[in-house]
Every structure is written in structure tokens, then in C-alpha cells.
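Q: Letter by letter, the chains look like this.
Protein chains: 2
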Amino acid sequence: MTDRYELTMIDAAMRSGTAFRPSVFEAFARRLPGARRYGVVAGTGRFLDRVAEFRFGDAELRFLRDHRIVSAELLDWLADYRFSGDIRGYAEGELYFPGSPILVVEGTFAEAVVLETVALSVLNYDSAVANAATRMTRAAKGRPVAEMGSRRASEESAVAAARAAYIAGFDATSNLAAGARWGIPTMGTAAHSFTLLHDSEAEAFQAQIDVLGVGTTLLVDTYDIEQGIRTAIEVAGTGLGGIRLDSGDLAEVAADARALLDSLGATGTRITVTSDLDEYAIAGLQASPVDAYGVGTSVVTGSGAPAAGMVYKLVARQGDDGAWVGVGKRSEDKASHPGEKVAVRRLEGGVAVEEAVLVTDHRATLDAAAAGGRALQVPLVAGGEIDDRWLGHGGVELARERHAASVEELPVEAHRLARGEPAIPTVFR
Amino acid sequence: MTDRYELTMIDAAMRSGTAFRPSVFEAFARRLPGARRYGVVAGTGRFLDRVAEFRFGDAELRFLRDHRIVSAELLDWLADYRFSGDIRGYAEGELYFPGSPILVVEGTFAEAVVLETVALSVLNYDSAVANAATRMTRAAKGRPVAEMGSRRASEESAVAAARAAYIAGFDATSNLAAGARWGIPTMGTAAHSFTLLHDSEAEAFQAQIDVLGVGTTLLVDTYDIEQGIRTAIEVAGTGLGGIRLDSGDLAEVAADARALLDSLGATGTRITVTSDLDEYAIAGLQASPVDAYGVGTSVVTGSGAPAAGMVYKLVARQGDDGAWVGVGKRSEDKASHPGEKVAVRRLEGGVAVEEAVLVTDHRATLDAAAAGGRALQVPLVAGGEIDDRWLGHGGVELARERHAASVEELPVEAHRLARGEPAIPTVFR
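So the sequence lines, in the order shown, correspond to chains A and B. First residue of the first sequence? That's 1 in the UniProt record's numbering, and the numbers climb one at a time after it. First residue of the second sequence? That's 1 in the UniProt record's numbering, and the numbers climb one at a time after it.
With the rest of the complex left out, here is chain A:
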């Protein structure tokens, strides 16, 4: 999980005697993708797992040697690689804005630069999913939303997507691996193929109810929706848990289905809709008698913004004299703010008003209260030791709570779905 240039840079820096200069890298986003109002940090727990296991094994070293990609000296260094520095950053689930110093990695240049690709791969994908999911969660206004897009993302992305969507407020996933690895609640009943496998729709419904009980959700649109609903209630009785609609104009179909269910006496049977939903479609169904949403493609592909656009940049390093120097690229379109940074979200009456990013001396501590806000960075790794609060199922639950609390602080205009400016300005001080 490494781009070749990371290794060629270390090789060359070893030659020039700069490879082990103490350095600070920062991950941040220059802008919010899709002109959204806020972003959601996701993937931190997964990144920390990657750091813990980041090693160059025999197969990797053999490949690098056989293809003459790196020097013998660097091969020796890679064989012993273990990140021994410090990492702090925004808590997973926290919101971010343009320029927020989301991750701050401190170590030698060599040990920090080699994490560039893996840090960005995790943060850019997981945050892209969370950025989309948070909008869908809000658009659903309390109705449950399930992630069911595994088939529209590559295999491991699917697991990561289920986790990121849950952090951003989704209630469940279809992905069993996400349930097993991260404790995300799983759901799922049947596809059209199950109905088509049977000689009649009634036989398929009966088989499902025999195993899952009448509380299950029946997919009623394989042939004709009206007949499907009638058959479902005939087979299950009026105590049927739910029906799922996966085609047609969902507002119209849901209204007709609700009326029919009610007329059949199935007033408690819930309606789940699942066809090509995104945040706009969910918002458009607000007035419809829909009880739950299932979202696929659009959440796992970031709903139009499939990568969060974060970058990982060297912002400070020591010189040979031991003095720290803030550094940054100077080109107009990609300039960055040199120097190590801390960040606070300034609140007024409990409402966020500003993302304050303070360029500080090396390892300066922050008095968030004095800065008028809530400190945003937390320690993640100290001297190579990973803080295990952020890992596993517990880390996911903490992130989900952090996300919900931070969203509550936002001004109301942050929840407009239309393109626009960030909900609060980022101010560098």
C-alpha cells in the first residue's frame, strides 16, 4: 500500500543525509468536495490498524530487490520498519472544513512519508462515504437508513463503506463482514431471485416467513406490486412486519402501497424503499408514507464526490541546526500553510461559528478555552504506541457519538443540500 515515490524519496534522502530529519506531515482538504457545507472525518480507526501492521515482509522486500526499486541500505531499513513517532488528529466522526488539520504525523521524514498513501487511501475513501451518509441521515429526519451498496464498491471498500456510513448516522448494513469486524448491525431478507426461484410468489413468501417469521420484510415488486402486496398479506396476515419496494416512482408507489396495506388491515406493516436513492431522493420522499430507506450506489460512491480530496503535506521539519522550519509549496493553485497547527471550533451559544487553525511552535500545547472553543485534535499514537480507544467496535461507537454531537453544534444552514459555502469559515491565526 505504498506509492513507489515514497521509497525513492527515502533512498535519495538517505544519500543526502536528510532522511531522518524530524518532520511534521499534515493531512487536510483544500476544499469540501461537491461544494458541501461540512465534511466528516472517517477512517481514523482503520488507519491506526494499518499503522500497527505496517511492515515490509519477505515477499515485499524480495519484490523491491528483484526489481531494483531501492538500494540495499533502504532494504535493510524497511525490513526493520515500525512507526515510532506521534500522531494526533481530529477524532473520528468529527466534522472538518477547508484547511482543518485533520491528521498530524510527526516522526523522521522517512518513517512519516512512507505512511502517505495508506493514510490518504483510508481517509479519502471513508470520509467520502461519511460526507454523503451524513446528508442522507439528516434528509431522512429520523427514519432509519440502511447501507446496502456493497455490490457497488470493491470488496474491501464495501466493508469500509458500511463502517463509515454507520459513523455518519446510518442504522444498519447489508454487509456481513462489516457486522463481524466492526459490530455494525446487519440486515437483509430477500432479492427478486428468491421469488423467481419459486413456482409462485406465494410459495416464496411462505418460505421466507417460515424461516424469518411474519415480522420479516417481503419484497413485493417482482411481478405486479398491487398483487404482490395482496399475496403478502394473504400469506403473512395483517401482522406482516414490512414490505420492500425497489422500482417505479417511489413516492407514488409508496402512497398506493400504504393505502392498500391499510385497506387490507395491515396498518402496522412498514414500507421500506430502496431504488437508486440519494440524499435528494430521500428528501423528496419526506412527505411520503415511507418508514425506512435502503441506500446503495450513492452512499458507497460518495454521492457525486467519490474521494474526499485530502492531501498529506510536509509542513515543518528540523534543519541541521535543530531549528524547526515551517515549509509549504508556493504555487498559486496548490499553496499550503506552512507550520505545525492546532485547531479549535469556536462556539457561540452552543453553535459553531468558526474553525480556528493556529500555527504554533513545535509541540505547543493549546488552551482551547482561552482560544474560545472546543479543541479538535486528540492523541492517536504516542511514541509508536497506538491509543486503543479508537480501535475496533468501541472506536466505531465513539466515532458515531462524536459525529452526532458535532452535527448538533452546526448552524441550521449547514443542512441545506444545495451547493454552497462551508457552514463556518476557517480562519488561520
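Source of the hints: derived by calculation from the structure; they are not laboratory data. A hint or two may mislead.
Remember, identical chains collapse to one label, so a pair may be satisfied in a single copy or spanning two.
Unchecked claim - Computed list of lysine to aspartate or glutamate pairs in EDC-like fashion (alpha-carbon distance at most 16 Å, straight line):
(1) 334 / 224
(2) 334 / 276
(3) 334 / 249
(4) 141 / 408
(5) 141 / 291
(6) 141 / 171
With the hints as your guide, set chain B onto chain A.
A: For chain B alone, kept in the frame of chain A given last:
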């Protein structure tokens, strides 16, 4: 890598006695994403690897048991799971059109339905990347294109993306894992952080040349491009292999850079450009003195179409009387063509004119010549045995060749970048 409903369906089908009905599933795309002119099948070799290793281990079975997701009977069946059926499909790298029967999976309902998510995850992601990459390859008109988007895709997606882009004509990748696993050529020299690590740009360039030789490519836009180029030639001499430009208006910057290099006598120094390129930007640089392209975000996220939109549907199954029945969903917006299918690309004078999809009896053989074209499906798995031609590095090279040959057959209008109709019609017979 399984959606929960696959297992609940098998459980219920076991109860109704239909789980082991011989069945045929088909993967196809209802339309081409982004209104493109053709699609590229990618991921087949990766999917076959997944089939080979598709097992339910102790940890998975324990999770399913502890969470009461499936019955004891199904747990026993899953513990022994091994796909024993047949799979045929479009060769990897082949083109596809709406309705092309890209993958045909035949086995019992249970053994075939459980591959649904993994088949679609692989095909939908890898084909989305290949769909974008083939357009970039054509837009580059012979100039080399490298994939360097690992950081904009999740970790394993990054490796799959490098592979898919190579199949669709890219020349190299930054991703070392893709080099090690799939034999894709790797490339990469240095990032801005390498220049910023050093006390001066000249020192950074010297360090890089010391290790990689004067044939290397120097990144010249960290501070000021003109000064960067002058410094590069001062340090490396006029034999410098290349420079890389990663910011600004690339057409303008490349023209200025070429003029300056020539005036300094570095007439053989090549120019690589890399900032936010997609197929449109590459086409726009056709007249510019650019020697090579590096593409990141847009190729790994499918350039606006991050999932290929393929679905996996039951199209035929046996009844209890042993007769095969073609089946399909009937709803208007998602109707599918029932029945097992073979496909032929009809050619006239070597140019593709039609995707002919023939609904056939079970296991009918096809006389492609009689059908007036080239047969598109190849055997992939027979009786659970995977044809290893399609695996590993060899499979990737075959796919790259297949892709290049199939693209050559397309009519010229297939290479328009604008949205439009598929280059050839799909006709069901």
C-alpha cells in the same frame, strides 16, 4: 464479502426445498454509465481468485451462529461450501454494451446466489475504472499514461484500479502492490515534500540524481517553475530525463517549460504533467508539448461514473419436473430478459456493427460464424475448476491484449468523448 440476504434466501429456500434447483445467474449492465459509447469488462481474473478462496471459516461461522443469522442446517452447508458449478463470460478486457451477458454462473441456486455480492463488487469497481481508463488512453493518442491515484481510492481498490487501468491501456502505476501482485510496471520519483525537506531545491535535485541518475524526472514546481527548470538543468545537465509539472494551467505551463528547456539545450528532456487530469483535460493537451500524463483521482473513481452499474440476476432455473424455465423481473424500469444467453459481436469489414444476444436452450452451443460474428464468451470455470489462463500476471496481459484488439474493431464514432448512444446496438434474438 456477502450481503446478509444471500444467506437468508438460502435458508428459506432450504426450507421450501428449492435451494438446490439448478439455476443460471447472469451479470449484465442495463445501460452504459455516463452515457458512454462502450464499456470494458475488468475484474474477471480477480473474481476468479475470489471464487477459488470463497469459504466460510471458523470466525465467519461463529459470527453467523452467535448472531443467529442463519439456521444450524445452513451453517453446516456453509462450512463445506465450495463452488462446484460452471462459469463462462466475456473475456477480461473485452468490451460490453447494454444487456451484454458478461458473466453466466450456473450451479444450484444456493451455490450461485452466494457469489452475488463478490461478483458485482469486483466487476462494478474494476470495470468502472477500465471504462474511464480506456477513454484516457485513447485521448492520449499514444503518449504514455500512468495511474497514480492510489491515495484517492481505498487501500485494496487502489491495487485493483492500477490493474484495471493497465488492462485498458495505461502504461504504469505508482502502486507497488500492483507491481508485486499483478506485474504492472511501476513508476515514481519524488513529491514536493522531498524538495521541502532539503535546504534548497538544488540540494534536493542533486540527491535524487545521485540515486536515480540523470535519466530521472525532477518535480520542478515547488517554488517557481522557471527557476526550478533552470536549477534542474544546472544540476543535471542537458541530459536530464524529464521534468514533472503538477500545478497551474498545464497547456501554458508546458509550452513555457518546453521553450525554456529547448533554450537551455535540454531538447531531449521530457515533460510529464499530473494535475487533476481526466480524459477531457488530456484531449485538451493534445496540441501541447507534453510527453506523458499521470492520472490520479479521475481514473480510480471512474471519472464521474464510480460504479459500472452491473447487476446479477437469476435468468433461468429448473422446476421440479426438470424442465428449464426462463425467469425475470417484470417491473417496467428494471425488467430483464429471461433465459440463458450467448453473445456474438457482429462485424462488417472488420468493424463492429452489432452486439447480438441470443436466448438459447440450456447449454446450447453457439456457431459464431453462422451467427455472423465473433463469439464473446469464454469458459472460466468448469465443474468448480478454474481455468488458470485468466489468473495472475498472465491473465492481466491477455486482458490487455484482448482490450486493445476489441477497441480496434470499434467504429470511429465510439471514441467521441461526449455523452451519447452506445457505439453499436444490442439486439436480442
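Q: Against this structure, judge whether each hint is valid.
A: We went through each hint and held it up to the structure:
no., hint, verdict
1, 334 / 224, "between (55 Å within a copy, 13 Å between copies)"
2, 334 / 276, "between (36 Å within a copy, 11 Å between copies)"
3, 334 / 249, "between (44 Å within a copy, 12 Å between copies)"
4, 141 / 408, "within (13 Å within a copy, 52 Å between copies)"
5, 141 / 291, "within (11 Å within a copy, 52 Å between copies)"
6, 141 / 171, "within (13 Å within a copy, 48 Å between copies)"
When the structure is compared with the earlier hints, no violation turns up for any of them.
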